[in-house]
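K.L.:
Below are the chains, spelled out letter by letter.
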Amino acid sequence: MILILCHPHDVEAAWLYEQLQRAAPDQPLLIATADELIYARSIRQTLVGDDDTFLIRLQNGRTILKDEISVVINRLYYLDPVVWKAVSDKQYQYVAQELNALFLSLLHAVNPARLFNPPTPVSLGGRHLSSAEWQLLAVRAGLPIAPGWPPPETQAFTAPDARLLVLSGELLGTVPPGIDADACCRLAQLSGTRLLELHFMQSPDGFVFMGATAFAALSYYGDALVHHFLTLTSHDFNLGHSQRAAHPAVAG
Amino acid sequence: MILIWGIPSEPPIRRLLDELDQLGEPYVMVSQRQFAQTNLHLTLDSAGNLDGTLTYREQTYPLPELTGVYLRLVDDEVLPEFQQLTPDDPLRAHARRLIQHLTLWTEWSGSRVVNRMSAMASNNAKPYQAQFIRQHGFRTPDTLITNEPAQAHEFCRQFDNRVIYKSISGVRSIVQQWDSGADTEKLALIRHCPVQFQEQVEGFDVRVHVIGELTIATRITAHATDYRYAIQQTGEAATLSPYDLDPDVAANCVNLSQALGLDFSGIDLRIQPNGAVCCFEVNPCPAYSYYESHTGQPIAARLAEYLSGHDQYYRRIWHL
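From first to last, the protein sequence lines stand for chains H and L. So for the first sequence, my numbering puts the first residue at 1; every next one is plus one. So for the second sequence, my numbering puts the first residue at 1; every next one is plus one.
Incorrect hints may appear among the rest.
To be verified - What follows is a set of in silico ranges between Cβ atoms, one per label pair, in the way DEER data are often shown:
| hint | chain 1 | residue 1 | chain 2 | residue 2 | range |
| --- | --- | --- | --- | --- | --- |
| 1 | L | R228 | H | D223 | 41 to 49 angstroms |
| 2 | H | H9 | L | L187 | 29 to 37 angstroms |
| 3 | H | D223 | L | R139 | 42 to 50 angstroms |
| 4 | H | G222 | L | R92 | 24 to 32 angstroms |
| 5 | H | G192 | L | P62 | 29 to 37 angstroms |
| 6 | H | H9 | L | T43 | 37 to 45 angstroms |
| 7 | H | G192 | L | D311 | 55 to 63 angstroms |
| 8 | L | Q232 | H | D51 | 45 to 53 angstroms |
| 9 | L | A47 | H | G169 | 22 to 30 angstroms |
| 10 | L | D311 | H | D51 | 27 to 35 angstroms |
| 11 | H | D35 | L | R92 | 42 to 50 angstroms |
To be verified - Straight line, CA to CA, 27 angstroms or less: simulated DSS-like cross-link-like pairs of lysine-lysine:
| hint | chain 1 | residue 1 | chain 2 | residue 2 |
| --- | --- | --- | --- | --- |
| 12 | L | K166 | H | K85 |
| 13 | L | K186 | H | K85 |
| 14 | L | K166 | L | K186 |
| 15 | H | K90 | L | K186 |
| 16 | H | K90 | L | K166 |
| 17 | L | K166 | H | K66 |
What the hints contain is simulated information worked out from the structure, not anything from laboratory work. Just so you know, these numbers come straight off a predicted model, no measurement behind them. The beta carbon of each residue, even a glycine, is placed where N, CA and C say it ideally should be.
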């Protein structure tokens with residue numbers, strides 16, 4: 001099963017779900033939002049002997065079993081059990097911490113090779129760095145940045161002039177002029193993030209790195225991204241499955 | 001020079017300062033409460049090396065000279081000086097930025113940091129940390145986390161109701177023993193928030209403090225389910241004494257601490273009657289002074305040696 005985890009208004013996740021469904025109608029596929037996970041009918045994680053497994057049964061009856069997951073596209077960053085605010089702030093804070101701790105543990109139990117991106121204790125969505133940290137790592141990776149480091153953390157988000165995606169060491173999108181493609185992959189590697197979108201802006205001296213995010217604008221990468229995920233569920237990727245033939249949607 | 005950042009009156013910090021004085025090691029103690037008189041200026045060279053200065057009470061220290069760092073921070077919100085600020089006081093933003101810069105510098109400068117903030121976060125989820133523990137030669141108690149009353153009931157039955165329950169996250173909670181009478185009625189409540197149930201493990205408790213590659217172990221004898229609350233739970237205080245740790249277990253403790261990115265940790269073990277070693281959790285910011293004050297074990301002294309990169313530390317590691 002390809003599992004997409006996202007927040008309710010994540011249009012990029014919804015786009016990916018539709019594209020995967022269209023490209024591979026027989027491929028088991030499930031999209032679950034943060035609210036569906038928080039209010040799941042059953043959640044169970046067991047750490048017994050050498051076994052480490054989990055089950056989540058949603059209110060609609062769909063079930064997520066750890067052993068049936070082939071790929072997870074994880075776009076959760078924080079689970080907010082907002083209805084608890086009506087009880088008391090203390091209870092709300094407690095439940096929020098408990099739920100986020102549980103889903104950190106559940107996601108960590110998934111083979112990291114199947115997970116885009118693995119969570120960290122700081123963010124369910126994976127490596128969460130400040131703009132200054134991303135730019136520091138970018139310089140170490142060999143990418144140019146704008147003068148005036150560290151950038152102010154309060155600066156408003158501006159749409160990048162160019163973006164590209166590093167996915168398992170491969171680049172999707174067009175590398176901006178003057179930018180070293182290998183340096184982009186090195187940045188993803190330095191940050192320990194296998195799915196990472198890099199943002200660039202045009203300056204008088206050429207393109208410079210602005211920042212990066214694990215919450216990529218997936219639709220920007222179109223069919224290439226969809227085929228990449230489908231490939232991961234079939235050949236070229238050892239998931240421990242007995243069948244590794246190329247997926248019909250991408251074969252040939 | 002060593003940088004210590006936190007509340008100077010806290011016993012773990014006070015003890016560390018005493019030992020740095022004993023060693024004659026220079027240090028700067030930054031009180032978190034003095035955020036208005038503290039500034040961190042960071043710069044980055046073309047190769048990505050961090051540089052800059054720390055200014056504290058009008059004294060300036062070049063960051064490359066701060067080779068060892070001990071962090072024991074509290075949330076800004078609990079500082080009286082922070083609480084007194086109006087919502088739009090620029091000092092609020094200054095205090096936040098200070099911690100952001102401290103985080104950035106300690107994460108990426110390459111200094112010896114006890115401990116990096118990112119590493120300290122592993123304790124926010126006990127079952128997450130348990131997965132690391134299991135990979136490093138320890139057993140963990142059989143555990144079920146669920147929002148299903150029937151599953152919880154069955155788990156308790158499997159262990160003859162010798163089960164405890166506790167929080168999943170890092171929220172400090174008192175470990176409670178399952179009471180098959182009173183607690184069964186409350187079980188329906190877990191529908192609203194999953195709860196962690198664990199088999200009760202027999203044996204005695206050992207706290208292992210890992211300092212780099214050194215371990216100092218303390219045996220705790222108590223009749224309580226949670227020895228931290230022994231007096232409340234049993235009316236009898238826990239007794240603590242030095243413990244001679246098996247070398248293989250000590251090595252596992254060091255490896256586990258390193259896997260979690262922790263230079264200094266407090267690992268909670270229970271030695272079972274059959275000799276098996278069960279590990280409950282790894283504390284990334286241990287209040288070690290409690291163990292030291294009951295046993296006289298030199299935890300602060302070793303920590304001071306470690307932070308300063310003192311020869312004595314390496315002589316101990318290499319048994320010279």
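K.L.:
None of the hints should be skipped; say for each whether it holds.
P.N.:
Hints and how they fare:
In this structure, R228/L and D223/H break the distance hint of 41 to 49 angstroms, their C-beta atoms being roughly 57 angstroms apart. About 35 angstroms separates the C-beta atoms of H9/H and L187/L, a value consistent with the hinted range of 29 to 37 angstroms. A hinted range of 42 to 50 angstroms for the beta carbons of D223/H and R139/L is consistent with their spacing of about 48 angstroms. At about 44 angstroms, the beta-carbon gap between G222/H and R92/L misses the expected band of 24 to 32 angstroms.
Judged by the Cβ atoms, the range 29 to 37 angstroms given for G192/H and P62/L holds: they are separated by roughly 30 angstroms. Taken as a hint, the range 37 to 45 angstroms holds for the pair H9/H and T43/L, whose Cβ atoms sit roughly 40 angstroms apart. Against the hinted window of 55 to 63 angstroms, the Cβ-Cβ separation of G192/H and D311/L comes to about 35 angstroms, which falls outside the hint. In this structure, Q232/L and D51/H break the distance hint of 45 to 53 angstroms, their C-beta atoms being roughly 35 angstroms apart.
At roughly 24 angstroms, the beta carbons of A47/L and G169/H sit within the given window of 22 to 30 angstroms. For D311/L paired with D51/H, a C-beta distance near 47 angstroms fails the hint of 27 to 35 angstroms. Roughly 32 angstroms separates the CB atoms of D35/H and R92/L, a value that falls outside the hinted 42 to 50 angstroms. Restraint check for K166/L and K85/H: the C-alpha separation of about 22 angstroms stays at or below 27 angstroms, so the hint holds.
Between K186/L and K85/H, the direct Cα distance comes to roughly 22 angstroms. Compliance with the 27 angstroms bound is thereby established for this hinted pair. Straight-line distance between C-alpha atoms of K166/L and K186/L comes to about 14 angstroms, which keeps the hinted pair within the 27 angstroms bound. Distance restraint check for K90/H and K186/L: the Cα-Cα separation of roughly 20 angstroms lies within the 27 angstroms cut-off, and the hinted pair is therefore satisfied. With a C-alpha separation of about 17 angstroms, the suggested pair K90/H and K166/L falls inside the 27 angstroms cut-off, and the hint holds.
Among the hinted pairs, K166/L with K66/H is consistent with the structure: their alpha-carbon atoms are about 24 angstroms apart, no more than 27 angstroms.
In terms of the numbered hints stated before, the structure departs from hints 1, 4, 7, 8, 10, 11, listed from lowest to highest.
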